[in-house]
Amino acid sequence: MGAALPTEMSIEQGAAAAVARLTVVPQRRYGIWVGTALALLLAFLIIRAFASNPAFAWGTAGGYLFHPSIMRGLANTLILTVVIMALAIVIGTVIAIMRVSPSAVLRGFAGVYVWFFRGVPALIQLIFWFNLSLLVREVSLTVPFLGTLFSVRTNDFMTPFFSAVVALSLCEAGYMAEIIRAGIKSVPSGQAEAASALGMPYRMILKRITLPQAMRFVLPPTGNEAINLLKMTSLVTFIAVDDLFYSAQSIYARTFETIPLLIVVAFWYLAVVSIMSVGQHFLERHFGRSDTRREPLSMRTLRNAISLRGIAR
Numbered sequence: 000m001g002a003a004l005p006t007e008m009s010i011e012q013g014a015a016a017a018v019a020r021l022t023v024v025p026q027r028r029y030g031i032w033v034g035t036a037l038a039l040l041l042a043f044l045i046i047r048a049f050a051s052n053p054a055f056a057w058g059t060a061g062g063y064l065f066h067p068s069i070m071r072g073l074a075n076t077l078i079l080t081v082v083i084m085a086l087a088i089v090i091g092t093v094i095a096i097m098r099v100s101p102s103a104v105l106r107g108f109a110g111v112y113v114w115f116f117r118g119v120p121a122l123i124q125l126i127f128w129f130n131l132s133l134l135v136r137e138v139s140l141t142v143p144f145l146g147t148l149f150s151v152r153t154n155d156f157m158t159p160f161f162s163a164v165v166a167l168s169l170c171e172a173g174y175m176a177e178i179i180r181a182g183i184k185s186v187p188s189g190q191a192e193a194a195s196a197l198g199m200p201y202r203m204i205l206k207r208i209t210l211p212q213a214m215r216f217v218l219p220p221t222g223n224e225a226i227n228l229l230k231m232t233s234l235v236t237f238i239a240v241d242d243l244f245y246s247a248q249s250i251y252a253r254t255f256e257t258i259p260l261l262i263v264v265a266f267w268y269l270a271v272v273s274i275m276s277v278g279q280h281f282l283e284r285h286f287g288r289s290d291t292r293r294e295p296l297s298m299r300t301l302r303n304a305i306s307l308r309g310i311a312r
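Here numbering that gives the first Met the number 0 is used: the first residue of the sequence shown is 0, the next is one more, and so on.
Among the hints, a few may not be true.
[As the list claims (entries may be wrong)] Derived lysine to any residue pairs resembling SDA-like cross-links, with alpha carbons at most 20 Å apart:
1) Lys-184 / Arg-71
2) Lys-230 / Lys-184
3) Lys-230 / Ser-273
4) Lys-230 / Ala-121
Source of the hints: derived by calculation from the structure; they are not laboratory data.
Let the sequences and hints guide you as you build the complete structure.
Below, the structure is given as structure tokens:
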């Protein structure tokens, strides 16, 4: 009979014995030490400046932190973010599919859409939709032989809130279309070709093969766009939408406590962005789990043993 194959336990014992005979010299990292000391010093100076300057009026800022007007503005900001992002994803998905369509007309239309809504600043689009009544005074539906079915004045439905939703949804959809298109392009074309050879229609290929695999590449940057959109909603202040920033402006316009109210606004934006960032982290880890490759136990034991040896010395 031949010799028995070495077990994983014997491999670990041999690796541990080899490590015991090594002389591990820790690497000197003077640049990291100096950089760490400078960063700590700078952080201390910034914190001391913020804490010792009475102009910040931290007590006043704390008193406004849960003010009813601030809470109402925060709720409107969150509602705007969720509604706009949902509409942008739907519109962006349609535009992205048109961008990769075999039809040259659809590709051209989608390309012009992305070019226009990404090229014009969001603030200009916001003000344009808010003043749409200057171009179209009323919207009506007229059917031959039946007459006008309904007619409504533009000012009656194009409220500041609705104008913000329309403008920012169309603007954000331009960015989402490019993100989704990149995700679709990341899927190897051979899979779609194989499905087409089996007789699957283009719609089914997108639904069952391309889009599910593209989600792994689409969702992480979508989280970034959602965070950017949350901050971009502050632009609706210019058309008098009662968001978080507008609520703070309404207060400090009366009390002249500008800095404390700006601190309150910054606090709530940072709090919401922090929560969204945590969610994005777990989302990226979930969809990137296929990239993680577990090391063999023997190699992991050897690496850990070397690290512990260096710490002990």
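Hint by hint, here is what the structure shows:
For the suggested pair Lys-184 and Arg-71, the alpha carbons sit about 42 Å apart, so the restraint of at most 20 Å is broken. Of the pairs offered as hints, the one joining Lys-230 and Lys-184 is violated, with about 29 Å between alpha carbons and a cut-off of 20 Å exceeded. With a CA separation close to 12 Å, the supplied pair Lys-230 and Ser-273 stays within the 20 Å bound. Pair hint Lys-230 plus Ala-121 holds up; C-alpha atoms about 12 Å apart against a cutoff of 20 Å.
Hints 1, 2 from the earlier list are contradicted by this structure; the remaining hints agree with it.
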